[in-house]
Each structure stands twice: as structure tokens, then as C-alpha cells.
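Assembly of the complex is requested from the two constituent chains, each provided in isolation within its own frame, with the hints serving as guidance.
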Amino acid sequence: MQSEVMFAGFGGQGILVMGKILAHAAMEEKYEVAWVPSYGPEMRGGTAYCTVVIADHPIGSPIIKNPKHLVAMNGPSLEKFAPTVKKGGVIFINRSLISFGANRDDVDELAVKIMEIAKDLGSVKAANIVALSAFVARSGIVSMEALKHCIKEEFSNKPKLIPLNMEAVVAGEKAGKK
Amino acid sequence: MPKVLMKGNEAIGEAAIRAGCLNYFAYPITPQSEVAEYLVRRMPEVGGVFLQGESEVAVGYMLFGAAGAGARVFTTSSSPGISLMSEAISYIAGAQCPAVFVNIVRGGPGLGGILPSQGDYFQATKGIGHGDCRMLVMAPASVQEAVEMVMKAFPLAEKYRNPVMVLGDGLIGQMMEPVEFPDHLKSEPTNKDAWSTNGMDHRNSKKRNIVKSLFLDPALLNDNNLQLKAKYDQMRSDEVMFEAYNTDSEYKGLVVSFGTMSRVCRTAIDLMKADGIEIAMIRPKTLFPFPEKAVADASKKPTCTHIISVEMNMGQMVEDVDLSVKGHLPVSWYGKCGGEIPTPEEIIDVVKSRIA
Chain A
1 MQSEVMFAGF GGQGILVMGK ILAHAAMEEK YEVAWVPSYG PEMRGGTAYC
51 TVVIADHPIG SPIIKNPKHL VAMNGPSLEK FAPTVKKGGV IFINRSLISF
101 GANRDDVDEL AVKIMEIAKD LGSVKAANIV ALSAFVARSG IVSMEALKHC
151 IKEEFSNKPK LIPLNMEAVV AGEKAGKK
Chain B
1 MPKVLMKGNE AIGEAAIRAG CLNYFAYPIT PQSEVAEYLV RRMPEVGGVF
51 LQGESEVAVG YMLFGAAGAG ARVFTTSSSP GISLMSEAIS YIAGAQCPAV
101 FVNIVRGGPG LGGILPSQGD YFQATKGIGH GDCRMLVMAP ASVQEAVEMV
151 MKAFPLAEKY RNPVMVLGDG LIGQMMEPVE FPDHLKSEPT NKDAWSTNGM
201 DHRNSKKRNI VKSLFLDPAL LNDNNLQLKA KYDQMRSDEV MFEAYNTDSE
251 YKGLVVSFGT MSRVCRTAID LMKADGIEIA MIRPKTLFPF PEKAVADASK
301 KPTCTHIISV EMNMGQMVED VDLSVKGHLP VSWYGKCGGE IPTPEEIIDV
351 VKSRIA
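Chains as they are written, first to last, in the numbering used here: chain A, 1 to 178; chain B, 1 to 356.
In case anyone wonders, no lab produced these hints; they're calculated from the structure.
A quick note: this is a predicted structure, and the numbers were derived from the prediction, not measured.
Not one of these hints is a red herring.
Some but not every residue of chain B turned toward chain A, in silico, with C-beta under 10 Å: (1) I114; (2) L115; (3) Q174; (4) M176; (5) E177; (6) P178; (7) V264; (8) I341.
The calculated lysine-lysine pairs, modelled on PhoX-like cross-linking and capped at a C-alpha distance of 20 Å, are: (9) B:K186 / B:K159; (10) A:K30 / B:K3; (11) B:K159 / B:K212; (12) A:K148 / B:K3; (13) B:K3 / A:K152.
According to the in silico footprint, chain B covers these stretches of chain A (three or more CB under 8 Å from chain B): (14) 19–29; (15) 62–75.
Note that beta-carbon positions come from the ideal geometry of N, C-alpha and C, so glycine has one too.
Just chain B, with the same shape it has in the complex (with noise of 0.2 Å):
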């Protein structure tokens, strides 16, 4: 398929139906709201639902639904839709179903802004919902990626019968860039019937199926955590997903930066490399499972004098950082919020004061 000039909110749209996923429900916020308008009148042509629920709360709980059926099924949001939508996470974590969520970030917390941010990164991976659950999170820096990673997310969450987020910003969602769309994938989940309520006459299968996620049995309780803890173990070795960057040469600094906000620090290094100076990246694709043995790795380069995570929040993924660097260099944090993207510049600055 030749290549297509989209916004990135409609080519989500479109990634989730050739994913095979035709059950849509959302509430419109600011800045993806266009994905709403995009399947409104494109899930009908392919014979898909969407369905605009009363508020997010319903809308989380209108995945559970679909999901507990056996659908492929998605929303998108933005922040404080995804607060919202918690609840129904952990609901849908605890019971073992697939679902994919999008959020299109915005300044936080509260209401805060409408424009590109990474404030929600903390509660993506580790706050997403009550008890012991976690999600697969995946952030594309550019709209091919995000086109990528929603179709990844349907065949991952169901694989892990667990919920799997793409994580992007504002930018992501509001940029036009090219996009070439994979193959279509299978409509269908494929197993399906481990899970599924849908009618004993529907399945190869003897099992009864029960979605649930209430064990008052402690014992069976801590069973099912085990069972999601084993899941959360074999996606931080089976499916860290990360971009190293310039990390061939002899390097002073090291970045650490994902999304948009790695794209700007791609530029500043290709300036400072232009200068004489070596800095690289290591970009996470995921957030959860975050990719610790890469950034660990890169900061033992005996050139590295210091490791910086560039963001656009107030210093979240610096903890990880921090974690997989185990304290043997200087970790610190650059960034800004609300709307405010550092510029190359501004990057370039930072890093030549930290590294010197």
C-alpha cells in the first residue's frame, strides 16, 4: 500500500481496524478526540461498532464487557478519561481479558492542559489500576510507530489475556506525517476460548469460563496474583522493545528519552555530533517492561560520565533510569510540562553543563 499523509489520531483509527478490531467505544476529550470523529464513520463501512459511552467510567466497563465476550475491542482517551477508566483496568487485569487502551496525553494533573505531555508515564506503569496489576505500555514517536504499536497491542494483550496501553502525547496525536499500514490481521483472537463467555455452542472448549475478578479465598487470591505476576515476569524478558542511538561511539553522555520528546533529542545529538561532542539514546518503546539491561549496558560505555532522562514531566522515568543504573554514574532529569517542549537547543545546553 503506497504511503498516506494522516494525522496521527486518524491513523490510530484506522491501525485498530486492520488490527481486526471493530468494536470502538470512547468519550471525546481533547487532543484525540479525532479518533472518535474517524470511526464514527469508518467502523460502519467495515461493519464495526462504535459506541459513545456516557462517560469513561462506562466506557471502561463497556471493554470489560467486550472483552469478556471474546472481542477484539478498544478505546482511546486522553489523561484524565484514563483516571477515570482505571477502575476497569484492574477489573480486567484481575479477571485475565484482553483490551488495548490509547491514552494521548495532556498536561496534568487535574484538568491541566490540552497540549502534548508525558505526565502520565508514572501511572501508566505502575499506577494503573489498584492491586498488584500491571499493562504492557508501548510509546511510538512518530505516527508510523503509533500505527505499529496499536496493531501490535491487539495480539499482545491477547497473548497475555492482560490490558496493553499505547502511551502517546498530543503531538502524536495531532501530527500529519506519512503512513504505511501493515497487512491486515486476524479478526479473531485466537485463544479465545480460555477465556471467553460466549456461549458454550461458540467454543471448542469444555471449560467453563467465569469473568471475574473477586477470589474472597485468600489462597485463591494470591493464586491469581501469581498467575498475573508470572505474566508481568515473562513480558519484562519476552517483550522490552527499545532504539539505541548513536551508541557506537565513544560517548560522554548518555539520554534516555521516549516519544516526542526523543525526537528532539535525536536532533540535539546529531548537532553536538556535528560540534565534536558524542552523546547517544537509548529510546524505550516500552515503558512496561522498561528495557533496564539496555540502559544499563550503555552506561557502562567507559566514556559515559553521566546519564540524563529527558522529559516532558516533572522527572518520572528517571526512576526507572535511576533503578537499572544501579547508582554507579550520575543519573539526573531534564524537562518541562504543560505544553512546554524543550527545544534541541535547550537539550544541547543541559547535557555539554552535565557531562563537562
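Bound-form chain A, shown alone (with noise of 0.2 Å):
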């Protein structure tokens, strides 16, 4: 078993952040993982993407073309990944940015309004925990339990943040189940 997720954005939307706390709950499941950033020559407020491998068996090539399942924050990120990714795979699309759909049929497409649900949770910044719930909770790809020990171990240094980001799953897994 392996699958690979991308995770798509803006710099800023806390795309590197989402990919690196899927990688951590896969390895408290037992899986191995690798987390691999782009690091081009980006500019502030540029494109930002991270990919996270999961698999049963050691990781060969961490370098990806096709994904099995895409995570696409921003509206250039859909366009130019949502073709590449696996049939049966999962695209999540933050609907609050992304007015049009992957043009897909052979994928499991999801959008969610997340700015709009962090908005009401508190704070938009909590808009990345909502999708990377809502895609956790569609794909099963790790469990919600390991998913929340992650997040809380990420913000174990902003204690202050672990409640509204424990409610943004919450709000997540409700907008990813089917």
C-alpha cells in the first residue's frame, strides 16, 4: 500500500503545516512517511506545495508526479494538479476560493466552504485544520483520533489554540463525510 497526498496553495494558507501533521499522524499509525516541501525560488505570497508519501513498506522514489489525492487551497493549484492526480483519488477543493470543480469524473471531489466555517469557529486561521479534517475524514487515509493528537502536538506550544483548532475537526469531519 502506498498513497500520496499534495497539498496545494497560497504561501500562507498553512499548506507546508497540513502536509507535515498527515505525516506525523501516518507515523503514529506505523506507516512509513516522507514529507517533501518545494523549495523553488518562491516568493512571498507565491504558490506553496508539499507532498506526504504514506506507505506500508519503505518509501522508494519521496518524488511524486501523480498523487492519489490532491488537497487544493487556491484555484491555480486546482488547475494545474487537479489532472494529475490518480483515478479514484480524492480532491478536496476550498470552495471558499475556488469557484470551479476539478472537471473530473473519475475522482471523489470535495469542496468545502472552510474559510467561511473557521470564520464562524473564531478565527480564519483555522481555515487549513477544517480542510485537512474534512480530507481525513473523506479519505480515511489515518484515523481522526491520530489526526487530533497531531494537531495538538503541533500547537503543544500555543496551548491556547488547541480548543479552536479541536473544533475545527470537529467542523471538518462534518463537512468530509459523505
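What follows is the structure in C-alpha cells.
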């Protein structure tokens, strides 16, 4: 078994940390993982993306051309990467910023207004956790318990933010379930 | 200790501390600046020193000074920075002092780019400095292996009283993978009385140590070079490390590849195996000493018709592969550079076309 998730969007949307939390959760569930960032000469506010590879065997190539799943946080990312996703994968779409779809009939498309949900919870900054939780709930790639545990760990030095992010997990899970 | 998820660069910094190295001198350069960012916080916690030099030239000589005084010391840099250190590396080798260098290679030549590359193979294995100096070079293919090689580098540098390099690439530095740290090593080099100039009160030796690489008497210089050569010969016989992959099969082709590139090749080999095509791989873990015998032995498989060196450069290790195979089978190269990394699918196409 191996699956790959590409997270893509603008710098500042919490793209890299979404990937890191997922990689950590998969590691906690005893999978082999690799988190590969794009670190090209990017501008502030430019594109940001990372790939997380999760496998039950040692990971060969960490460079992935065709990921199993995609979490697209802005329009350009969806346009660029939707055609690369493997058949049967999940394409998560940030409906708050992207008005169009993946234009694929062989994938599981999930569009959520993550920024509105996060604003209602108290801070738009939690939008990436809403997105990640919705994606995990839909794909089942790791358990919600492992995800929650790793989000708490991620925010362990900012404990004030943990309750908000736990609410974001619940809201995301609800939005992500079929 | 449980596994932790760490970026390669940070894991390299932690590995050095766990190897008992409390002296880190460096100058920032992408894609390895996270080592300094990690150690500027971490070194004071363990009573160590991080000092940023005014340039890589200065850093090289800071290492020489600390090594000459008998301290465990290391630096990290990337390609252009290592070029600036190469003068000092030659001096350190000439004076027979130990020091550890980590090169997280980026694309070149010149300023090149900041993405992963293996373009410094020649520099690391054959041309690290002027004169007859060489360096033991290890090439990790994962963050875990980077940790193990950094920890191994210090005792090896001290055993041989010679610079040792861990040659990664931008991906090894930037990628996060689970790592498990081995136990701490002893913090002091046990054999430092043999070379260190730390004052007679501080060592169990009556011998006067002089740290120098200047030998104006040709006979003495020849002697020093013979000593160096003996060490390099011993590395060739004692320190070769490699991984053999799928060599038990009746393979039609042999791939030689190291570091990040070897992982892509492993995936390609697995995919071809599922398709009924057997291909084997020798992955050098030490680039100098090169696993000549392993490559030569693997090339003698009766079913093997072709050997391909797959590299993230324009063909460097292929020369060592060629020297090992000694002309009895065709040897060719495939690769890309500048941050372009060949995909498993590309490698499959190349291998299929060449073994046919």
C-alpha cells in the first residue's frame, strides 16, 4: 500500500503544516512516511506545495508526479494539479476561494467553504485544519484520533489555540463525511 | 528513543550533537541553512558553540584550528560554500587532523541553482583540495541514514585523522522523515594526544605535536604523502559500504546509483520486477572508497548485459563504474541536473531501451 497526498496553495495558507500534521499522524499509525516540500526560489505570497507519501513499506522515490489525492487551497493549484491525480483519489477543493471544479469524473470531489466555517468558529486561521480534517474524514487515510493527537502536538507550544483547532477538526469531519 | 518526524537538515544538526560534537562553525547557504537555524538554538542547550564565520573560507580555518586543538568539530554547507572551504580541507588533510563536512549539494556550476543535485561527486571524491589529499565520503539516501552517517563520520575522521564528508543533496536536507537517534558517542576523541596542540599539561604524551602541512624538505613531504596514501589505501580495504538490491535475481541489467537518485531507481526496479523484468542495483554508501569490487562482481552475472549509472548530474560516478567494470560489459550514464530529478517512469524507459 502506498498513497500520496499533494497539498497546494498560496504561501501563508498553512500548506506545509497541513502536510506535516498528516505525515506525523501516519507515522503514529506505524506507516513509513516522507514529507517533501517545494523549496524553489518562491516569492512571499507565491505558490506553496508539499507532498506526503504514506506507505506500509520503505518509501522509494519521494518525488511524486501523480499523487493519489490532492488538497487544493487555491484556483491555480487546482488547475495545475487536478489532471495529475490518480483515478479514484480524493480532490479536496477550498470552495471559499475556488468557484470551479476539478473537471474529472473519475475522482471523489469534495468542496468545502473552509474559510466561512473557520470564521464562524472564531478565526479564519483555522481554515487549513478544517480542510485537513475534511480531507482525512473523506479519504480515511489516517484515523481522526491520530489526527487530533498530532494537531494537539503541533500546537503544544501555543496551547490557547488547541480548543479552536479541535472545534475545527469536528467541523471539518462533519463537512468531509459523505 | 521513539521515532520523531524531522527535516533532514535539523536531524543532521541533532546527530552531530549526539555524536559528541559541540563545535559547529558555519556560514548560511540554501538548501542547508536549517542546520544552523537548529543549532543556534540547540548548541547553547548542551554547552556547545555555534559561531557563524564571516565567510566559508574563514569557517574552513575555524575547523582547522579547533581540530588542531583536539576538539570534535564540524560544518555544513552547500556546493559553492564547499568550494570556498576546499583550501582549508587540503590543509587539514595535509596536517592530518580530523574534521567533518556535510555538503547538501545544489545544482552548479557557479551559483547554479538551489534545488537538489549530485553535481559535486567529482569534487568530493577526487578533487576536494590541491595536492594528494582525499576524503572519506558517505552518501545517505534517507534522513535516517544521514543521521547514522553523520554520527559515524566523527569516529572515522579521528581514526584516520582526515576530513570526512557526508554528501547529501537538497532533498535529503529539506525532506521530513521519521528518525530514530542511536545512543550518544563519547564526546572526546580518544586518540587526540597523537596530534592535538592543547598544551603538554592536557595530554598523556611527552611527544611535541606540531599542526602543519608545510614540508619544504622533499623527502619529508614524500614521507607525509606516503602516510596519507597508506590511510587512503586502508579506507579502500576497510571502509567500503554499499547496498545490493535485487542481486539474487537473474537480472538483465545493473543500475548503479546513490543518494536520493537510488530511491527513485529502487521504485523503478520494483515496478519492472512486477512487469517481469529483473534489474539489480548497487547503491554505493561510500563514494570514496568506491565499492569497486561490489560493482565488478555484480557486473559478472551471466544474464547481465548492460550497466547504467543513474545520477543527478551530467555523468560523474559513471567513470568509477567504468573503471570497476574494466570494459567487459557496456557501461552508460543517464541523468539530469539543476533540480530536475528523473522519475521512475523515465528510468524504466531508459533501462528497457538499453538492455534490449
